[in-house]
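**Q** Below, each chain spelled out in residue letters.
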Amino acid sequence: AAGVIQSPRHLIKEKRETATLKCYPIPRHDTVYWYQQGPGQDPQFLISFYEKMQSDKGSIPDRFSAQQFSDYHSELNMSSLELGDSALYFCASSLAMTGNEQFFGPGTRLTVL
Amino acid sequence: AQSVTQPDIHITVSEGASLELRCNYSYGATPYLFWYVQSPGQGLQLLLKYFSGDTLVQGIKGFEAEFKRSQSSFNLRKPSVHWSDAAEYFCAVGKTDSWGKFQFGAGTQVVVTP
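Just so you know, the sequences run in chain order A and B.
The numbering of the first sequence is the numbering used here, which starts it at 3 and goes up by one.
The numbering of the second sequence is the numbering used here, which starts it at 159 and goes up by one.
By construction, these hints were calculated from the structure, which means they are not laboratory data.
Some clues are possibly wrong.
Chain B is faced by these chain A residues, among others (derived, beta-carbon under 8 Å) [what the hints assert, rightly or not]:
#1 Tyr35
#2 Asp44
#3 Pro45
#4 Asp58
#5 Gly60
#6 Phe66
#7 Ser82
#8 Gln104
#9 Phe106
#10 Gly107
#11 Pro108
#12 Gly109
Within a straight-line C-alpha distance of at most 30 Å, the following computed DSS-like cross-link-like pairs (lysine-lysine) qualify [claimed, not checked]:
#13 A:Lys59 - B:Lys207
#14 B:Lys253 - B:Lys226
#15 A:Lys54 - A:Lys15
#16 A:Lys59 - B:Lys253
#17 A:Lys54 - B:Lys253
#18 A:Lys59 - A:Lys24
#19 B:Lys207 - A:Lys54
#20 B:Lys253 - A:Lys24
#21 B:Lys253 - B:Lys219
#22 A:Lys24 - B:Lys207
All values derive from a computational prediction rather than experimental measurement.
Glycine residues also receive a C-beta, built at the ideal position from the N, C-alpha and C atoms.
Construct the complete structure from the given sequences, taking the supplied hints into account.
**A** Next comes the structure, spelled out in structure tokens:
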């Protein structure tokens with residue numbers, strides 16, 4: 003079965019650079035979530051989208067923005083990167099009408115030097 | 159607001175012994191409950207989930223969990239652990255009324271000794 007795809011899997015950036023993470027949900031899923039997992043931490047919710055509209059917002063810095071496109075894929079844009087942004091970023095998708103079961107992607111590991 | 163507590167940060171268990179990981183939640187109604195496993199540097203793999211119905215849930219890799227409403231708990235168990243079960247385990251709570259963010263517990267690191 004198709005799973006959530008995230009790209010890139012690994013990304014290395016310098017401080018103050020920008021990064022774009024991509025997420026391709028499971029086909030027909032209409033909801034996308036982004037989570038950030040710092041070293042030794044549990045995943046923290048950043049933001050979610052339902053039918054291309056922002057549905058919920060968590061502890062996402064103002065330097066970050068995200069959107070969901072017409073094909074339901076989502077991108078997380080991160081600007082003015084800081085060392086503390088180094089983390090594993092997960093995307094998850096779900097089909098809202100079937101309930102809140104989220105399927106997680108493999109994650110993108112971002113390292114900021 | 160929903161919250162999840164995993165009281166045990168670290169558990170060491172011998173191979174072949176039983177394992178129980180605790181999870182307590184706080185939520186205004188019956189939540190959706192999940193257990194995920196994460197190997198180092200890897201993604202989150204769903205072990206099992208509880209939405210409603212039978213309170214004893216069977217998952218993959220021989221794991222099971224029991225939902226106890228009176229104790230607000232959703233403890234994960236395995237009768238006999240294998241060395242490959244060494245990983246970090248996260249309990250998560252989701253809202254039942256609509257889509258919504260997951261709240262994860264802090265995780266329990268499981269070490270399996272020979």
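**Q** With a cut-off of 8 Å on the beta carbons, see whether Phe106 of chain A makes it to chain B.
**A** 4 Å, holds
**Q** Would the stated hint for Gly107 of chain A survive a check requiring a Cβ distance to chain B of less than 8 Å?
**A** 6 Å, holds
**Q** Given the hinted pair Lys59 of chain A and Lys207 of chain B, is their Cα-Cα distance within 30 Å?
**A** With Cα atoms ~24 Å apart, Lys59 of chain A and Lys207 of chain B stay inside 30 Å; holds.
**Q** Any CB of chain B closer than 8 Å to the CB of Gly60 of chain A?
**A** 6 Å, holds
**Q** Less than 8 Å between beta-carbons is the criterion; does Phe66 of chain A satisfy it with respect to chain B?
**A** 15 Å, violated
**Q** Holds or violated: Lys24 of chain A and Lys207 of chain B, Cα atoms, limit 30 Å.
**A** Within the cut-off at roughly 27 Å; holds.
**Q** Quick one, is the Gln104 of chain A hint okay against chain B at 8 Å, beta carbons?
**A** 6 Å, holds
**Q** Need the status of pair Lys253 of chain B, Lys219 of chain B: alpha-carbon distance at most 30 Å?
**A** The given pair, whose Cα atoms are some 26 Å apart, holds under the 30 Å limit.
**Q** Quick one, is the Asp58 of chain A hint okay against chain B at 8 Å, beta carbons?
**A** 6 Å, holds
**Q** Given the hint that Lys253 of chain B pairs with Lys226 of chain B, test it: the Cα-Cα distance must not exceed 30 Å.
**A** Holds, at about 17 Å.
**Q** Holds or violated: is the Cβ of Tyr35 of chain A closer than 8 Å to a Cβ in chain B?
**A** It holds, given that the least Cβ distance between Tyr35 of chain A and chain B is near 6 Å, below 8 Å.
**Q** Is Lys207 of chain B close enough to Lys54 of chain A, meaning Cα to Cα at most 30 Å?
**A** 27 Å, holds
Comparing the model with each earlier hint shows violations of hints 6, 7; every other hint is respected.
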